[in-house]
Every structure is written in structure tokens, then in C-alpha cells.
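Novice: If you want the building blocks of each chain, they are given just below.
2 protein chains.
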Amino acid sequence: MTEFDLIARLTKSLPGNATVLTGAGDDCAVLDLGVPGHLVLFKTDAVVAGVHFTPATPPEQVGRKALARCLSDIAAMAGTPTAALITLALPKDFDAGHVARIYDGLNELARQTGVAIVGGETTTNPGGMLISIALLGTVPRGSQLLRSGAKVGDAIFVTGELGGSLAGKHLDFTPRLAEARWLAEHFALHSLMDLSDGLAGDLPHILRASGVGAELLKTTVPVSRAAKLRAAEKPPFVAALTDGEDFELLFTLASKEAVKLVDAWKAAFPAVKLSCIGRITKGSGLVIRDRHGLLPLNGGGYEHFRG
Amino acid sequence: MTEFDLIARLTKSLPGNATVLTGAGDDCAVLDLGVPGHLVLFKTDAVVAGVHFTPATPPEQVGRKALARCLSDIAAMAGTPTAALITLALPKDFDAGHVARIYDGLNELARQTGVAIVGGETTTNPGGMLISIALLGTVPRGSQLLRSGAKVGDAIFVTGELGGSLAGKHLDFTPRLAEARWLAEHFALHSLMDLSDGLAGDLPHILRASGVGAELLKTTVPVSRAAKLRAAEKPPFVAALTDGEDFELLFTLASKEAVKLVDAWKAAFPAVKLSCIGRITKGSGLVIRDRHGLLPLNGGGYEHFRG
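Chain order of the listed sequences is U and A. Numbering-wise, our numbering puts 160 at position 160 of the first sequence, and it's gapless, one number per residue. Numbering-wise, our numbering puts 1110 at position 110 of the second sequence, and it's gapless, one number per residue.
What the hints contain is simulated information worked out from the structure, not anything from laboratory work. Keep in mind that the hints are not guaranteed to be accurate.
In silico lysine-lysine, DSSO-like type, Cα no more than 30 Å apart, as pairs [stated by the list, open to error]: (1) U:K234 x A:K1012; (2) U:K92 x A:K1012; (3) A:K1012 x A:K1169; (4) U:K12 x A:K1266; (5) A:K1266 x U:K92; (6) U:K169 x A:K1266.
Listed next, the stretches of chain A that the computed footprint assigns to chain U, with coverage defined by at least 3 CB atoms under 8 Å from CB atoms of chain U [what the hints assert, rightly or not]: (7) 1119-1128; (8) 1134-1143.
Where a beta carbon is used, it is the ideal one built from N, C-alpha and C, also for glycine.
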């Protein structure tokens, strides 16, 4: 059984019940628990030593990142976070002061975002440290934004700049909670998600969920300064497509709304770049247009982008 | 910093907000998300290879146990479980078929208890397998049962039999969801929790939270057959006090209700033992009365109970 087969099997016939509006496969689960006017968002996310942080990462930033990743998923539904539980799986030789500093960073971000930390547990993890966050949020009924609503002709937008997150941004990014709520309040977005695995890995989630394709215009993809500074290691455009942990918003809306959006955005969030990077097309798959023509991106082909 | 200092520091000044009715320190967090007539319960629990199960444990039972432990915490608030997220942290050499079987066991228990599995994630865990469950539930407003309500003079009750869980029960116990809801509907319980760390470890949580003490009558504590069969390894009464993973209900109510409760229980749950094991007293701490007199149990003294 391959990993693809496994995930297909695991998610094919999961138990459901009447509260489930959106289950596995989107940024958060969406539940109707009977709150008048609101739906409940439910998400977990884990960071692991050696994968998401290193022994040299300041513990405050480890705790901050653990919560921030989960907050980005609430943003990806245009929701508001409410309460979190923290699972700390610790090696046997853990340092208590180190753990307290992890909580300091986590608690600071929780206070900034209005999240209550309502408990959790510590357990033993022989191999190293793992922090799992379970997060609840709410979203006005009908305002939740899924991956599955993209329509042919939609303009595709991305916030911020992409690539090179490992140079620092992955530890200090601000989840786009305010921006996502503003978008949902002021514009009829068709689809929304957050970028965690890189544009080339994540946009296909929207495409598959919506049954559409996409064409990106290479010159419009916003490449971060960090990616440009590391051009000797990796072509910056490839970094912007594949580096991951950008935690920016990726969304689509009717192209006739695009100009109005760009103008309103500049007034609302003058410090945050917003880029229209392409359009939703018929068919399936992702193609990139550059000065040489169209290049399909089916899980590779990045070596083309040296320039 | 000791582990005690750490937990005290971690839980002392956690961020809160207006939704939090009960935060860290009870079986579940209790949140008011605005559901008319109901409150929301929120809990996480993790099982770790080498701690909560072994390589020889059938994977279906590993998955079942992971969810059952969390369900027991919902029972401990007299709640009804709703939806769960599953975090699977896997070693690099994990076997996909093994993981699918974990889900089979977990999904079967979810279906039996009406729980929707609404997603989760798999991540790398260099040291071994860890399964964390995040679980939501609901409870009628005012019916949630905390650890902090025990009153002097209360009778102390426990369901089932205690000790020897490692012989098998820890893998196939049925969370006492129905029993706890029945108790909350029919009797004015003062406090309730589930037994996960053993009676001698868990009852003090109720005592500290309620600012009271307790006296147990040794001969009334229900000792499991599994604990009696292993008498050569450990005195059965000591096993009943300290073995852990019983996942039975421990609760108190006014002693004048005790006889009525025992009669009604026999009619409602004829197959489940219910035992009155002592009473809540003034002061603090736990003492045990046997034929020799009273013995304080302050984190030890078990060697007294050879008989």
C-alpha cells in the first residue's frame, strides 16, 4: 500500500454525523453545533523537532510557530480563533525551563489573537519533542470559504511574497486572520486556502476540489527577498513555487471583481502585498506562462525556471 | 525547575477569553460558544508507542484505545461526544497497512458512539508512533459535572472494578458515556471524574479541587478479578488503588441520595457494578479505614495493604 493509497483509504469512509458540514480535506473541519448565526471550525496541527524546528530554534519561537500554523488554517476559512488545547510530547531528558519558554511564546501569540488556552497534556515521546495544537474557531454561517468553489474565469490572488520562508519567516509570520475576515466580509470569494506546502503544491488542492485548471503568469508571482538572496542555491521562482511554509492566503474570485479588490485592499492593508497571479481555466492541472510559452507543472518541471 | 513547578507555571496564567467556563485542570475544557441550551466540551489525549501500547498490540486496539481514552473524558463531564480530529505521528519506516488497521479500530468505536472523524494529519515522529485525539462534545447547560463540587458528607461512588487493567481492559474498555449521562439526568451529583491514574492518584484531584478530604472503607473498594489473579505480583487492593487506566467513573453525591441511587442503578445498569466506597470529610487528604484503623495515604503507604 503506497502513502497515496493509505490516505485515500483513511479518508474514504470516515464516520460522520449530522453536525459535519465539511470533514477531512479542507483547511479546517466545519461543524454545525447549533450556534445561531455561526459555524464551528476545528483543526489540529503538529510541529516536530528536527522537522519544523531545530535544537537551535529559540523555544519562544517554537511555541509561537506551533500556534501560528494552526491559526493560519482558521484564517484559511475566514474564521476567528477561540480556544486551543496544547499537547506537549517530551523526550525523557526535557528541560523544564525550555518548556516554559515554549509556552511563553505560544501564550503571547494567543493573547494577541484572542485565543484562550484551555488545557492540554504533557506526555512522553522517546524520540524528541512534538507539539500538537487543537484549535477551535467560529465563522459566520455562509461565510466559511472552502477550497472547492473556484470557477472557470476566476482571478487567482496571493497575499505577501513567496519562497525562502526557512530564512526566518516560518518562525515569525503573522497569520492572515484579519485579512481573510476582511476579504470574506467585503468580497464574494469563490475559494480560499493558506499556503503551507508551496504554491505549486497547494494550488492543485483548489483545482482538484473545484474540478478546474489554472494558468499562472510567471512574472506576476511575488518572489520574496529571502528567496532572491538565496538565488545561488535555488532559482528564486522555483523557491516561490516550492519552498513551503509561506502561510499566505491563496484565493480566487470572479475576475470582474479583481480591480475593485486591488483598490480596496491597498486602502485596507497598505503594508501587505496582494498579487493577481493568474486565472482559473477549464480542464485540470496547473500551467505556467512565461516568455517562452506555456509549461505544464505536473509535480515537477521546475528545472525549466532558471531565469 | 521541577516538574511540579513547571506545571504550576504553565497553568497559572494561561490566556483566557469570555467563552471559557472551565479551562485547564478538569477532565475537559468547558466553553460557551453560544449554543442554546448546551455547552461545548473540548479535550485532547495522546497515546505513545512503548508507553500506552507495545509493538505486539493489535493495531485495531491501539486506535480504539486512543479514542476510548478521550471519550472517557467526555463521560467524565456527563457529556456527549460529537467530532474528533486524529493526529498520527509516524516513524519513518511505518507500515501503511498497520496504520489503516489503527483507523479501522478507531472508526469502529467512533461509529458505535456517534462520533464523526472530521480530519487530522499525519506527520513524522523520529522516535516512534504517537496518536493524539482532539475531541469535541456537548453537554446540557448546567449539567456539566466538575471535580470541584464535592461536599462534606457526600457519599463516594465508583463504577465497575479497579486494578489490573494492563491484563486487557486498557485495550477494550467501554467508556462510561451512557452511565454518566444517566447519572447527570437522574441524580444531583456534586462531582465527577474518570479514573485514569488509579483511585489513590485521582480521588485527590476531587479533594483538592473541592477543598475537602475523604475516608475510604477498604472492604468496599471493588477489586477486579484481573488484580486478584495477579496477587503474587502485587497485593490486589494496592493494584485497585494504583494500577491506573481503569476508565471507570468516580463521583460524589449527598449521602441521603445514596440508597435511591443504588436501587435505580441496579435497574438501569444491571451488568455494571456500582460501589459506595467511602465519604467526603472535612480537612484534606485521603485516609483508608481497615480493621486496624485509619491509614493516611499521602502519596504512598501502600505496603501496609498486604492482606
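Novice: Taking the hints in turn, state whether each one holds.
Specialist: Evaluation of the provided hints:
Pair hint K234 of chain U plus K1012 of chain A does not hold up; C-alpha atoms about 46 Å apart against a cutoff of 30 Å. For the given pair, K92 of chain U sits about 24 Å from K1012 of chain A by alpha-carbon distance, which is consistent with the 30 Å threshold. Taking the CA atoms of K1012 of chain A and K1169 of chain A, the gap is about 35 Å. The hint is violated against a cut of 30 Å. Proximity of K12 of chain U to K1266 of chain A is assessed by CA-CA distance (about 42 Å); at most 30 Å being required, the pair is judged violated.
A hinted pair counts as satisfied when its Cα atoms are at most 30 Å apart, and K1266 of chain A with K92 of chain U does not qualify at roughly 46 Å. Our distance criterion of 30 Å between C-alpha atoms is broken by K169 of chain U and K1266 of chain A, whose separation comes to about 61 Å. For the segment 1119-1128 of chain A, the stated coverage by chain U holds: 10 residues have a C-beta nearer than 8 Å to a C-beta of that chain, and at least 3 were required. With 3 residues bearing a CB less than 8 Å from a CB of chain U, the segment 1134-1143 of chain A meets the requirement of three and the coverage assertion stands.
Hint compliance for this structure: hints 1, 3, 4, 5 and 6 are not met, and every other hint is.
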